[in-house]
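There are 4 protein chains.
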Amino acid sequence: MLRFECDYTEGCIPEILEAIARENHTQLQGYSEDTLTERARAKVRALCGREDVAVHFLVGGTQANTTVIAAALRPHQGVIAAAQGHIACHETGAIEASGHKVIALPSATGRLNAAQIDALCRDHWADATHEHQTQPAMVYLSHPAENGTLYTLEELRQIRAVCDRWNLKLFLDGARLGYGLAAPGNDITVPDLAALTDVFYIGATKVGGLFGEAVVIVDPTLAVDFRYHIKQRGGMLAKGWLLGLQFDVLLENDRYMTISRRAVALALRIKEAFQAKGIAFWCDSVTNQQFPILSNEALKKFDKKYVYSPTAKIDDDHTAVRFCTSWATTEAQVDELVADIDRIL
Amino acid sequence: MLRFECDYTEGCIPEILEAIARENHTQLQGYSEDTLTERARAKVRALCGREDVAVHFLVGGTQANTTVIAAALRPHQGVIAAAQGHIACHETGAIEASGHKVIALPSATGRLNAAQIDALCRDHWADATHEHQTQPAMVYLSHPAENGTLYTLEELRQIRAVCDRWNLKLFLDGARLGYGLAAPGNDITVPDLAALTDVFYIGATKVGGLFGEAVVIVDPTLAVDFRYHIKQRGGMLAKGWLLGLQFDVLLENDRYMTISRRAVALALRIKEAFQAKGIAFWCDSVTNQQFPILSNEALKKFDKKYVYSPTAKIDDDHTAVRFCTSWATTEAQVDELVADIDRIL
Amino acid sequence: MLRFECDYTEGCIPEILEAIARENHTQLQGYSEDTLTERARAKVRALCGREDVAVHFLVGGTQANTTVIAAALRPHQGVIAAAQGHIACHETGAIEASGHKVIALPSATGRLNAAQIDALCRDHWADATHEHQTQPAMVYLSHPAENGTLYTLEELRQIRAVCDRWNLKLFLDGARLGYGLAAPGNDITVPDLAALTDVFYIGATKVGGLFGEAVVIVDPTLAVDFRYHIKQRGGMLAKGWLLGLQFDVLLENDRYMTISRRAVALALRIKEAFQAKGIAFWCDSVTNQQFPILSNEALKKFDKKYVYSPTAKIDDDHTAVRFCTSWATTEAQVDELVADIDRIL
Amino acid sequence: MLRFECDYTEGCIPEILEAIARENHTQLQGYSEDTLTERARAKVRALCGREDVAVHFLVGGTQANTTVIAAALRPHQGVIAAAQGHIACHETGAIEASGHKVIALPSATGRLNAAQIDALCRDHWADATHEHQTQPAMVYLSHPAENGTLYTLEELRQIRAVCDRWNLKLFLDGARLGYGLAAPGNDITVPDLAALTDVFYIGATKVGGLFGEAVVIVDPTLAVDFRYHIKQRGGMLAKGWLLGLQFDVLLENDRYMTISRRAVALALRIKEAFQAKGIAFWCDSVTNQQFPILSNEALKKFDKKYVYSPTAKIDDDHTAVRFCTSWATTEAQVDELVADIDRIL
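Residue numbers (the numbering used here), protein chains in the order written: chain A, 1 to 345; chain B, 346 to 690; chain C, 691 to 1035; chain D, 1036 to 1380.
Read the hints as simulated data drawn from the structure, not as lab findings. Worth double-checking, as some hints may not be accurate.
What the hints assert, rightly or not - In silico contact screen, one side only, chain D against chain A (beta carbon under 7 Å); selected entries: (1) Ala1056; (2) Thr1144; (3) Asn1148; (4) Ala1150; (5) Gly1269; (6) Lys1274; (7) Lys1335.
The beta-carbon is built from N, C-alpha and C at its ideal position, and this holds for glycine as well.
Please work from the sequences and hints to get the whole structure.
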């Protein structure tokens, strides 16, 4: 079987394994206080174009989301997210388990927009009994969004303006950030994120690493005592250097962007193959995830050779499914898939 | 000003104050372990028509909801509610603060229906990665619903059947239960609730008492250790007999239903007065809360003499507002309001 | 049976019941936003000798403790208490249920002292891996302490100085504050508390009211959004005026202190009666709770007529027990107990 | 500098890196549902000598402790631990953050004993107001204990008997289990743990792996829905096969025990070197951690060449410090340390 169901079916880029092997016998201080991690932090800061951000490396996305949100909010506060946002529907209520409501807003695009956040906050504060409701205090975005679509820089600036108006912290989940940055049409840069958000992260689990997310804390009040929160949420790795090392390697020689660009290019080849057969898409993704809408009959044929992810039932005869590429996807695999798309459809 | 904005602007029926005065110097055991409370428990059990339910008295609705739900769920489980349900939007995230997601379902009627609960559960369990989502484990209903409308017995039976199918506990919030039971067309009885739900409560705060909700636990597994939960959530009143006493008085001589019927009748007079002037309603309430949709111009006139609750903006010129009656509403007050409705509109 | 086991066996001072009856039909705004409550707030501020404190009325002690502590702490922070402190051992883990560790310090006196708080903080911050431990961020005291003993003003000042040194908030539980203020030898005043603590409360549940604690928030950062916390923790009473009214009555004509002084005087008569028979005490309480150490044989005789609280097993033959007085205790009851002490022992 | 301060200064045994490199391009299902992990589960079950246990692999100790305890307890329940237990003092209140009190018992040995657990439970249930206290519902042990000492099989059986008497679940933290099993005098086996506990784990982070703990759930009620808890607590690794692979390698050819035995033997050489110079120890550890009590003057000399962990201040002139060995410690390093002990002391 050829697996295209997600971007984490394989391990990591070989350079990371080589670096681990090279450092395996080095004695390093525990809990991310080692020199290797410090070097990785410097690289993240350089990427952000500013020295005054705090950088912490965590193992995974749910852990990063929970730790950041729980550290940022007081008990009566909630976080605004799109209904399709990862924290709203795919983390087993981790945010609620830390005591906070995810204020889920419906979204046709899978992304939030400034106007709806503004309206929610206006309604909240206009209500004479607003203390009977969860107070909105943070906005959670994913870039790219869970459906592979992008925010524009202008949209992000508008959301920032709304956050400033209503005293909301802005948090951007970058679990697949590389694929967003590498997508055609993307006009957001890492320095933009470091300028416009209060906290964001650069994902490696799905972008070339074994695991790991680099959390960049821009807001200095949120940075206070952050290591306590990491430890409390179970995210303080004894051999924390494993995280730093991965980012040290990924951010060297433009590797993070190189593999992202390559995976996006391969995904767009798959997209074009479906388009050439007149297939419609669940959403217009320009990143490494593609969501063609296929007939159940076609899917049966793909099932013989391919693994993909069912994403949404469209009607009794059609399902939107996900095909992903990653650093590990080969040209040959995509050639084969493209040929089969042509043959089957 | 005449206040119709809610059903808790006054104290309680005089018989309760008389009973408190009578017992004020009696030495009673603390923490609801007194004889008075035991007598009230017996009356609640009699009302339920069964002896095998546990009965606990709590001070208010948010406290009752949080205590029951937190006691019933494991950490990964959530409670299904209508988006307009009290726990979903008017309790400052109290359920989330106890660690649980409120799984809010959209509802045009303000009530849940069996089919949508069934669909949610089917989707959850059909998803191969359901452990990445909050597990639905309880259904929360309000009867009457927050908008004053009613479930039918048949609807309740269907919801119970869905709960049995998917192993969900059924919890019914009866903060205004009396007004529901007393409403024209209601076909649900307290014994029905004791037969069909796992836990429900009979509200007094809004139905004749100073404060207090009688929680009836039908499911024996939920009853285990419930007093620990009450204490932990801050609901264990030192002078717990104050709660028992109120129910002892309210459930004597059919008082609870008598005052409920009277308040509903007064509310229906208000409803008719609005209807006579061709006023539309936000929803078709048959209970003590009425939600006429009034023009802003008309509201300005009412504002000179009446307090009501703005409930929903309908358009730039119209707002749905709430007028409530209670045990304390007098005929004279309603006469005056009815006359003013006729005059103003 | 004559009940001396606690200070909440009866209702409240008659003036409170009279005031409730008087206001019972007044239409008042809900949720403690009424004029009666505002008047009570003003009286509390006057008692504190400062206008810049926030005042909120809550139903009970566990609720007050949980709401204050959860509002004050970030997730990684804990509250220091004596091992005998109410939050450490008699609230079913309510503080932990809100996510925070109670850092319990052993205490021979039942009270904390500045030196042990200082040592704990010094150790915490000196530890290179302090982020692996709960961060101490608040100190919880009870005055009088749970065993009826008192802090001195000098001790309180020293604790304040330690709090300033280590950036700890100081919270004082005054569930029985009246009995402390009225005790012989007490040198702390309410204005002292308003000057030295960040937040404290004046208890009425055990001092003449039906229920209620007046929380005084001195630290303005803690006061922000406090009503959200009250609502979230289930403490927002629909008929909040019931709380305000009780303090309005208790703080009128020095009633709160008058009943406290009287109860303490009665308790000291009981103390002297035991002392006259050479009975030792579990601790040297000067307040309304007295803890004589009695032989099991003597207790059997008291059991025929009196209810008291077993407090601590001293040895196989002796138990420390609690006798309490309150606003409701009569001279005749104490006369009878004193005579029986003389007769039995 | 030579680092002996902990057992996680290096990476992992080379065979693990080789296996990762070998599997790096294999397409494997995510979230620990791959075939590699299944094979590792089978090996853990074989080690336990029973097929009916559930096995889950988590990244670290704090995560394992929090996930297990939160999954096992209802909100009003707490977990009993020695005051020196890892969950009681070195996890930043992670257990409390999940809502549960750690009921810390003082211990001269660093270990719990059956009698003190029994006494605590007897006191709890004998108290007429036990619902005002956290209900003890689980016992947490570490084997070896945090100070490197061991439980005997007989002690473990006695604790199990107490757990049965009071309906407590028994949870054993095996973060350093290998070093305990390999220690001279240890008489506990993995099948004993699978017979006597409800849940325990086999640590790899500190015993040869990069990271990872194998949680073995014996109690079938605790096993229900456990994957939800893993996801909610941030422990569901996308590339979960990394965890399974490590245990697959470690449990092959007796590697786990071989490296444990070797590390213990090296630690005992260090112990003997200190003993030969008449040095006293903080506790009589027989595992890979040794805690000599050294004068500050001697420590200054060691500081020039060695890193160790300060553990406890004994007096103004003496400190107990920790020297650890691990799979990575070489004979040459120990030779050098032993020679220096002889020279310096």
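Evaluation of the provided hints:
1. Interface hint at alanine 1056/D: satisfied, since its Cβ lies 5 Å from the closest Cβ of chain A, which is below the 7 Å cut-off.
2. The criterion of a C-beta within 7 Å of any C-beta in chain A is not met by threonine 1144/D, whose closest approach is roughly 25 Å, and the hint is violated.
3. For asparagine 1148/D, the interface hint is violated, since its Cβ never comes within 7 Å of a Cβ in chain A; the closest pair sits about 29 Å apart.
4. Interface restraint check: alanine 1150/D against chain A, minimum CB-CB distance 33 Å, threshold 7 Å, status violated.
5. A distance limit of 7 Å between C-beta atoms decides the matter here; for glycine 1269/D the minimum to chain A is near 3 Å, and the interface restraint holds.
6. Of the supplied interface hints, the one on lysine 1274/D holds, with its beta-carbon coming within about 6 Å of a beta-carbon of chain A, less than 7 Å.
7. Here the hint on lysine 1335/D is broken, as its CB sits about 21 Å from the closest CB of chain A, past 7 Å.
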